[in-house]
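Engineer: Sequence:
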Amino acid sequence: MDGTSGITQCHIDPNGTTVYRFTHDKAGTFWWHSHHSTQYAYGLRGPLVVHAPANDRQSWEEDIAEEFIVQLADQYHDAPVGAPIWDSMIVNNRGRYNCTAAASHSFTDCTDDQPLTKFLFQTGNKYLLRLINVAALSPVMFSIDDPRVPGRSCRHASEGVWFHGFNYEGLAIVQYEEDDDTEPTSEQIATVTTVTEFEFTPLVSTELPSTPSDRVILAFDLHFGLGYFSMTVATTATSSCRTSHRFLLSPEV
Numbered sequence: 001m002d003g004t005s006g007i008t009q010c011h012i013d014p015n016g017t018t019v020y021r022f023t024h025d026k027a028g029t030f031w032w033h034s035h036h037s038t039q040y041a042y043g044l045r046g047p048l049v050v051h052a053p054a055n056d057r058q059s060w061e062e063d064i065a066e067e068f069i070v071q072l073a074d075q076y077h078d079a080p081v082g083a084p085i086w087d088s089m090i091v092n093n094r095g096r097y098n099c100t101a102a103a104s105h106s107f108t109d110c111t112d113d114q115p116l117t118k119f120l121f122q123t124g125n126k127y128l129l130r131l132i133n134v135a136a137l138s139p140v141m142f143s144i145d146d147p148r149v150p151g152r153s154c155r156h157a158s159e160g161v162w163f164h165g166f167n168y169e170g171l172a173i174v175q176y177e178e179d180d181d182t183e184p185t186s187e188q189i190a191t192v193t194t195v196t197e198f199e200f201t202p203l204v205s206t207e208l209p210s211t212p213s214d215r216v217i218l219a220f221d222l223h224f225g226l227g228y229f230s231m232t233v234a235t236t237a238t239s240s241c242r243t244s245h246r247f248l249l250s251p252e253v
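Numbering (UniProt numbering) for the sequence shown: 1 to 253.
These aren't lab readings, by the way, just hints derived from the structure by calculation. Ideal placement from N, C-alpha and C gives every residue a C-beta, glycine not left out. Be aware that one or more of the hints could be misleading.
[Stated by the list, open to error] Label pairs and their calculated CB-CB ranges:
id, residue 1, residue 2, range
1, Thr38, Asn98, 17 to 27 Å
2, Thr108, Asn133, 30 to 40 Å
3, Ser104, Ala52, 49 to 59 Å
4, Pro80, Lys126, 20 to 30 Å
5, Ala52, Leu137, 27 to 37 Å
6, Phe198, Leu129, 13 to 23 Å
7, Glu67, Leu137, 19 to 29 Å
8, Gln114, Ala52, 34 to 44 Å
9, Ser106, Thr193, 40 to 50 Å
[To be verified] DMTMM-like cross-link-like pairs, simulated, lysine to aspartate or glutamate; straight-line CA separation at most 20 Å:
id, residue 1, residue 2
10, Lys26, Glu62
11, Lys126, Glu62
12, Lys26, Asp56
13, Lys118, Glu67
14, Lys118, Asp145
Work the whole structure out from these sequences, hints included.
Structural biologist: Structure (structure tokens):
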């Protein structure tokens, strides 16, 4: 059920429906989206959170006061011409746009004070942020401003801090007290600590087979041509095989 319309399955007709029944064998943060054309880039997407049964949860989950889904996305005001580049970065479908830039291409119906997504935290509680990059093109750098610097109070007048989805373009607000219309003020980030994917430690470690020949290695070789693409898949294990597939690309209607 996970494929491109016209290749692995039929598309869903306008005003049509389909039912997808499946048994999920993993708990965690996932998302769904359309595979037809550029529909998901223009909003046909959403989060899918699977919670583990109460008797199968991790010990750290018991301390979570509340969880928030954070969708980070790029937004395109029109179909890109040439090399695609996003117009805005949005957090949970909210964001702002530079009206000066909008005026440069004759778009005058623009305001730069749109309300932003807010997350209300209570001091002393632990929260789970489920981050999902639903962008069509843009890589996303995520950060929450840390106001705890020497010689400066850890509280702002607005009792909040900025929540960055992509540098200083995609913004949301982390609020620590009652809802307040005042926006936070914070300093530019002076240093950045990068944590690579391989520095994360899994909650449950997966052990590879001790015998190398018992491990499975997949190798993909993709070739594209006019109206088709082909894929060769090679597997290496105790027995090996090699399969080749050729797919026709159906024209969009």
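Engineer: Determine for every hint whether it applies to the structure shown.
Structural biologist: Results for each hint:
no. : hint                        : verdict
1   : Thr38 - Asn98: 17 to 27 Å   : holds, 23 Å
2   : Thr108 - Asn133: 30 to 40 Å : holds, 32 Å
3   : Ser104 - Ala52: 49 to 59 Å  : holds, 50 Å
4   : Pro80 - Lys126: 20 to 30 Å  : violated, 41 Å
5   : Ala52 - Leu137: 27 to 37 Å  : holds, 33 Å
6   : Phe198 - Leu129: 13 to 23 Å : holds, 21 Å
7   : Glu67 - Leu137: 19 to 29 Å  : holds, 28 Å
8   : Gln114 - Ala52: 34 to 44 Å  : holds, 37 Å
9   : Ser106 - Thr193: 40 to 50 Å : holds, 43 Å
10  : Lys26 - Glu62               : holds, 19 Å
11  : Lys126 - Glu62              : holds, 10 Å
12  : Lys26 - Asp56               : holds, 11 Å
13  : Lys118 - Glu67              : holds, 13 Å
14  : Lys118 - Asp145             : holds, 14 Å
Checked against the numbered hints above, the structure violates only hint 4.
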